[in-house]
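Construct all of the structure, not just a fragment, from the sequences and the given hints.
There are 2 protein chains.
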Amino acid sequence: MDPGNGSDVLPEELTASVESFFDTAPPLQGSSLISHKLQAFIDRNSKSSEGGGPVRVVCVTSGGTTVPLEQRCVRYIDNFSSGHRGAASTEYFVKAGYAVIFLHRRGSCQPYCRYLPEDSFLDFFELGEDSSIQVCQSHSTIVKKAIGDYQNAVERGQLLKLPFTTIFEYLQVLRMVAISMRPLGSYGMFYLAAAVSDFYVPWESMAKHKIQSSSGPLDMRLSQVPKMLSMLRKEWAPMAFCISFKLETDGNILLQKADMAMKKYHMHVVVANLLATYKREVIVVTDNGCINVCSQDEYSDVEEEMIKILVDRHSKYLE
Amino acid sequence: MDPGNGSDVLPEELTASVESFFDTAPPLQGSSLISHKLQAFIDRNSKSSEGGGPVRVVCVTSGGTTVPLEQRCVRYIDNFSSGHRGAASTEYFVKAGYAVIFLHRRGSCQPYCRYLPEDSFLDFFELGEDSSIQVCQSHSTIVKKAIGDYQNAVERGQLLKLPFTTIFEYLQVLRMVAISMRPLGSYGMFYLAAAVSDFYVPWESMAKHKIQSSSGPLDMRLSQVPKMLSMLRKEWAPMAFCISFKLETDGNILLQKADMAMKKYHMHVVVANLLATYKREVIVVTDNGCINVCSQDEYSDVEEEMIKILVDRHSKYLE
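Same order as they appear, the protein sequences are chains A and B.
Residue 1 is where the first sequence starts when you use full-length UniProt numbering, and the numbers rise one by one after that.
Residue 1 is where the second sequence starts when you use full-length UniProt numbering, and the numbers rise one by one after that.
Possibly wrong hints are sitting among the right ones.
Only pairs whose alpha carbons sit at most 27 Å apart, straight line, appear in this in silico DSS-like list of lysine-lysine [claimed, not checked]:
#, chain 1, residue 1, chain 2, residue 2
1, A, Lys95, A, Lys145
2, B, Lys144, B, Lys308
3, B, Lys145, A, Lys208
4, B, Lys161, B, Lys308
5, A, Lys263, A, Lys208
6, B, Lys279, B, Lys234
7, B, Lys161, B, Lys234
8, B, Lys257, A, Lys208
9, B, Lys308, B, Lys257
10, A, Lys161, A, Lys95
11, B, Lys227, A, Lys257
12, B, Lys234, B, Lys264
13, A, Lys144, B, Lys144
14, B, Lys37, B, Lys95
15, A, Lys227, B, Lys208
16, A, Lys208, A, Lys257
17, A, Lys279, B, Lys208
18, B, Lys145, A, Lys145
19, B, Lys279, B, Lys95
20, B, Lys144, A, Lys145
21, B, Lys145, A, Lys144
22, A, Lys257, A, Lys47
23, B, Lys227, B, Lys264
24, A, Lys208, A, Lys47
25, A, Lys144, A, Lys257
26, B, Lys279, A, Lys208
27, B, Lys279, B, Lys144
These aren't lab readings, by the way, just hints derived from the structure by calculation.
Computed from a predicted structure; not experimentally measured.
Shown next, in the form of structure tokens:
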């Protein structure tokens with residue numbers, strides 16, 4: 001087992017920029033409720049499972065973060081991500097027996113809802129003659145399966161959903177989750193599929209009011225978001241099994257970038273994917289080689305096979 | 001009736017920047033299907049209504065537009081808007097007998113769905129013992145009302161939904177809608193509640209690939225979006241009754257900004273609102289004064305009274 005490089009020292013510059021990020025971030029709304037929910041979830045799942053050892057817990061991050069450009073936010077920069085990957089992966093982790101903390105962008109794709117209509121789910125339902133609600137015949141099977149599977153996951157206490165919108169919320173909640181998961185040691189896993197902004201506008205240097213459009217072109221300078229993966233690995237939850245994602249548009253630099261991320265942030269696995277093919281193709285990059293995973297056809301999920309591989313890697317890590 | 005200032009000449013500079021915007025925009029996906037749907041909707045609704053005259057048709061725009069920062073889009077700038085105003089207003093326009101073209105941001109709030117859960121509508125439903133789908137008792141009434149009202153609007157042919165995401169899609173579809181509505185003359189109305197970007201990155205000067213984060217802070221220069229309200233009023237649909245919105249965060253400049261917009265773009269009405277209070281308070285600005293509209297309590301919509309005033313104004317305009 002990799003002790004997590006917990007002994008390495010973080011560069012002072014990074015520690016300072018991380019501190020400054022959290023110190024100047026707007027306060028997290030509802031943080032005591034989040035903390036309470038988290039603690040209850042971890043407590044329930046850190047007791048021995050039926051099979052013997054403690055339950056494995058994975059934090060799945062999903063969807064894109066926003067970067068506000070104004071303090072009273074009208075405009076913001078957003079990162080593209082439907083959240084489909086995180087939602088699908090959550091379902092397969094639940095199926096594999098994991099308890100899942102689903103840290104997701106508000107309004108992004110939700111587990112068990114992937115095949116349901118997004119904009120106008122009213123089209124799925126009809127009012128019967130006795131004014132009872134009926135599901136259109138054509139969709140009856142998938143809607144019933146969705147409701148059933150979701151209810152099961154919730155009743156078994158295997159699913160905790162925590163939402164975020166901005167980069168400030170995301171990183172504050174991620175830190176809370178990681179610190180709560182620290183006692184789980186190597187039974188904890190981070191599956192960091194969210195599309196996190198690389199750049200942001202520090203809260204203090206942000207425009208207070210809506211930027212006016214009357215005065216010609218707009219020039220903006222964005223700062224780099226401190227690399228929190230290092231904090232996660234070295235400080236917040238050093239024993240947890242960590243998987244990060246690398247999305248690129250240019251195939252020529254993809255594997256090189258994935259490899260760099262793995263070394264730089266001491267990830268156990270990096271999942272590399274290209275924007276053009278990410279739905280059906282990923283490369284699982286580990287320290288002893290790469291595994292290509294493709295979905296069999298348009299009706300199967302690439303996440304199914306990928307999660308099997310990751311669960312297997314996690315088992316080996318636990319040994 | 002105001003002849004729409006159709007005789008005024010557009011400044012050459014504006015015409016040139018509008019032409020350049022459309023010429024360099026990425027081609028609109030599915031434009032022939034949109035055009036077909038629009039034509040069928042206008043044809044059906046331009047026939048005489050039961051009461052005599054033609055049906056009034058309103059184009060309600062709703063939600064925020066995005067501005068891509070990369071051609072293979074990973075990052076974009078977004079404008080804050082839940083789309084709640086546009087969705088609520090659509091319901092009241094339908095109630096008042098209008099046919100509504102609901103031009104909305106994908107994933108934003110939809111008419112008749114406002115009281116339904118956003119993220120996890122699975123929580124509303126239960127599987128009965130015979131595995132039939134049931135609505136939780138507590139939400140049964142509002143879900144039934146939503147499905148019933150929505151079905152009525154669709155069956156009467158009073159609702160056409162057209163989605164957009166980027167500023168390029170929004171302005172291309174708006175132009176198509178406006179030109180299709182031109183034959184309706186003054187029976188047409190535009191209710192421009194969408195939060196449209198003031199700035200954009202011209203497609204040709206946009207980064208082809210994902211902007212890399214390794215090289216320090218990010219500097220960006222955004223160009224102004226040409227003022228399309230002038231095109232709408234003078235070229236696309238000069239006889240239509242036009243209402244635009246002004247959202248500000250600073251109360252000190254709100255009415256002045258609304259007044260400027262009215263004069264500059266020859267709007268018939270400008271609805272002014274502040275970010276802090278827009279859900280319950282608006283000011284309807286017309287050429288003979290302002291009307292303050294507030295919602296009675298937290299259970300009533302400010303849109304109900306506002307749409308009454310606007311329908312009344314439209315009637316006077318038709319006389």
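Hint by hint, here is what the structure shows:
1. Distance check on the hinted pair: Lys95 (chain A) and Lys145 (chain A) sit about 14 Å apart at the alpha-carbon level, within 27 Å; holds.
2. Pair hint Lys144 (chain B) plus Lys308 (chain B) holds up; C-alpha atoms about 26 Å apart against a cutoff of 27 Å.
3. Among the hinted pairs, Lys145 (chain B) with Lys208 (chain A) is inconsistent with the structure: their alpha-carbon atoms are about 41 Å apart, more than 27 Å.
4. About 22 Å separates the Cα atoms of Lys161 (chain B) and Lys308 (chain B), which keeps this hinted pair within 27 Å; it holds.
5. Using a Cα cut-off of 27 Å, the hinted pair Lys263 (chain A) and Lys208 (chain A) is violated, with the two alpha carbons roughly 40 Å apart.
6. A hinted pair counts as satisfied when its Cα atoms are at most 27 Å apart, and Lys279 (chain B) with Lys234 (chain B) does not qualify at roughly 32 Å.
7. Our distance criterion of 27 Å between C-alpha atoms is met by Lys161 (chain B) and Lys234 (chain B), whose separation comes to about 25 Å.
8. Of the supplied pair hints, the one linking Lys257 (chain B) and Lys208 (chain A) holds, its CA atoms being roughly 18 Å apart against a limit of 27 Å.
9. This hinted pair checks out: Lys308 (chain B) and Lys257 (chain B) have alpha carbons roughly 24 Å apart, not beyond 27 Å.
10. As the CA atoms of Lys161 (chain A) and Lys95 (chain A) are separated by approximately 17 Å, the hinted pair is consistent with the 27 Å bound.
11. Taking the CA atoms of Lys227 (chain B) and Lys257 (chain A), the gap is about 42 Å. The hint is violated against a cut of 27 Å.
12. The straight-line distance between the Cα atoms of Lys234 (chain B) and Lys264 (chain B) is roughly 12 Å, inside the 27 Å bound, and the hint therefore holds.
13. A hinted pair counts as satisfied when its Cα atoms are at most 27 Å apart, and Lys144 (chain A) with Lys144 (chain B) qualifies at roughly 18 Å.
14. Between Lys37 (chain B) and Lys95 (chain B), the direct Cα distance comes to roughly 22 Å. Compliance with the 27 Å bound is thereby established for this hinted pair.
15. Distance check on the hinted pair: Lys227 (chain A) and Lys208 (chain B) sit about 25 Å apart at the alpha-carbon level, within 27 Å; holds.
16. Of the supplied pair hints, the one linking Lys208 (chain A) and Lys257 (chain A) is violated, its CA atoms being roughly 37 Å apart against a limit of 27 Å.
17. Pair hint Lys279 (chain A) plus Lys208 (chain B) holds up; C-alpha atoms about 21 Å apart against a cutoff of 27 Å.
18. Distance hint between Lys145 (chain B) and Lys145 (chain A) is fulfilled; the C-alpha atoms sit about 25 Å from each other, no more than 27 Å.
19. For a cut-off of 27 Å, the pair hint linking Lys279 (chain B) to Lys95 (chain B) stands: about 20 Å separates their Cα positions.
20. This hinted pair checks out: Lys144 (chain B) and Lys145 (chain A) have alpha carbons roughly 22 Å apart, not beyond 27 Å.
21. For a cut-off of 27 Å, the pair hint linking Lys145 (chain B) to Lys144 (chain A) stands: about 22 Å separates their Cα positions.
22. Taken as a hint, the Lys257 (chain A) and Lys47 (chain A) pair is broken in the structure, with Cα atoms around 39 Å apart against an allowance of 27 Å.
23. Between Lys227 (chain B) and Lys264 (chain B) the alpha-carbon distance is near 10 Å, which keeps this suggested pair within the 27 Å criterion.
24. Pair hint Lys208 (chain A) plus Lys47 (chain A) does not hold up; C-alpha atoms about 48 Å apart against a cutoff of 27 Å.
25. Between Lys144 (chain A) and Lys257 (chain A), the direct Cα distance comes to roughly 42 Å. Violation of the 27 Å bound is thereby established for this hinted pair.
26. About 21 Å separates the Cα atoms of Lys279 (chain B) and Lys208 (chain A), which keeps this hinted pair within 27 Å; it holds.
27. For the suggested pair Lys279 (chain B) and Lys144 (chain B), the alpha carbons sit about 25 Å apart, so the restraint of at most 27 Å is met.
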